[in-house]
Amino acid sequence: EAGVAQSPRYKIIEKRQSVAFWCNPISGHATLYWYQQILGQGPKLLIQFQNNGVVDDSQLPKDRFSAERLKGVDSTLKIQPAKLEDSAVYLCASSLNGHREKLFFGSGTQLSVL
Amino acid sequence: AQKITQTQPGMFVQEKEAVTLDCTYDTSDPSYGLFWYKQPSSGEMIFLIYQGSYDQQNATEGRYSLNFQKARKSANLVISASQLGDSAMYFCAMREGTGGSNYKLTFGKGTLLTVNP
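Protein chains in written order, with our numbering: chain F, 1 to 114; chain A, 1 to 117.
Treat the hints with caution; some may be incorrect.
Computed far set for chain F versus chain A, every beta-carbon distance over 10 Å [as the list claims (entries may be wrong)]:
1) Q80
2) G108
3) L111
In silico BS3-like pairs for lysine-lysine, Cα to Cα no more than 27 Å straight-line [unchecked claim]:
4) K102/F x K109/A
5) K15/F x K78/F
6) K102/F x K73/A
7) K78/F x K109/A
8) K70/A x K62/F
In short, the hints are calculated from the structure, not lab data. Every residue, glycine too, gets a C-beta built ideally from N, C-alpha and C.
Only chain F is shown next, with the shape it has when bound in the complex:
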């Protein structure tokens, strides 16, 4: 089966510019997650969707980050305007519902803000 698809793979922008990342989860996975992973650290959850509704966005910097999941399938994460500290890998993951269900991760988008 196809895995979690993410694009682009790499992105370099200057601070104060905007950027968008796209994710297509595994077919049938109701839950979609966006994680931010700063170099040398573990992934930090930014936002979690259940179908097209937001379940948790408590750690999303809402003044600059936004995300949507139209029709409960693919999702877009946007940063506007970007700051230097946003340089990180942005990982998208999806899972089935269920306490024991593992997350499947995409390859990530590596963002460099100059």
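Starting from the known structure of chain F, arrange chain A on it as the hints suggest.
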């Protein structure tokens, strides 16, 4: 407070030997799940093993086993017969809650494992 603590920033092991990566967790929820993921230098996150809080036996998946000590709130990963390809970052993660929509995973800071030939 940290939900997941991995106290070993880096570990070294000789090829073919076993190694234990430590993980302690903090939760007041009686129902939770513990996961280990591997992240090679290429960046992808690879699922290794899962342990549920009510599981009676320690989880095993091939060369990976989880030493689950519930009273001590620890979930250490044991890798037997290490291989060069095991060199990677290893993350412990926890999922709390019994249902509803709260399936998020909280990750530790990771342990960098290096396998020496």
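Verification of the supplied hints:
1. Q80: Its Cβ never comes within 10 Å of chain A, the nearest being 25 Å, so this holds.
2. G108: Answer for G108/F: violated, closest chain A Cβ roughly 5 Å.
3. L111: The claim stands: L111/F keeps its Cβ more than 10 Å from every Cβ of chain A (closest is about 13 Å).
4. K102/F x K109/A: Given that 27 Å is the threshold and the Cα spacing comes to 19 Å, the pair holds.
5. K15/F x K78/F: holds (14 Å)
6. K102/F x K73/A: holds (20 Å)
7. K78/F x K109/A: holds (25 Å)
8. K70/A x K62/F: violated (37 Å)
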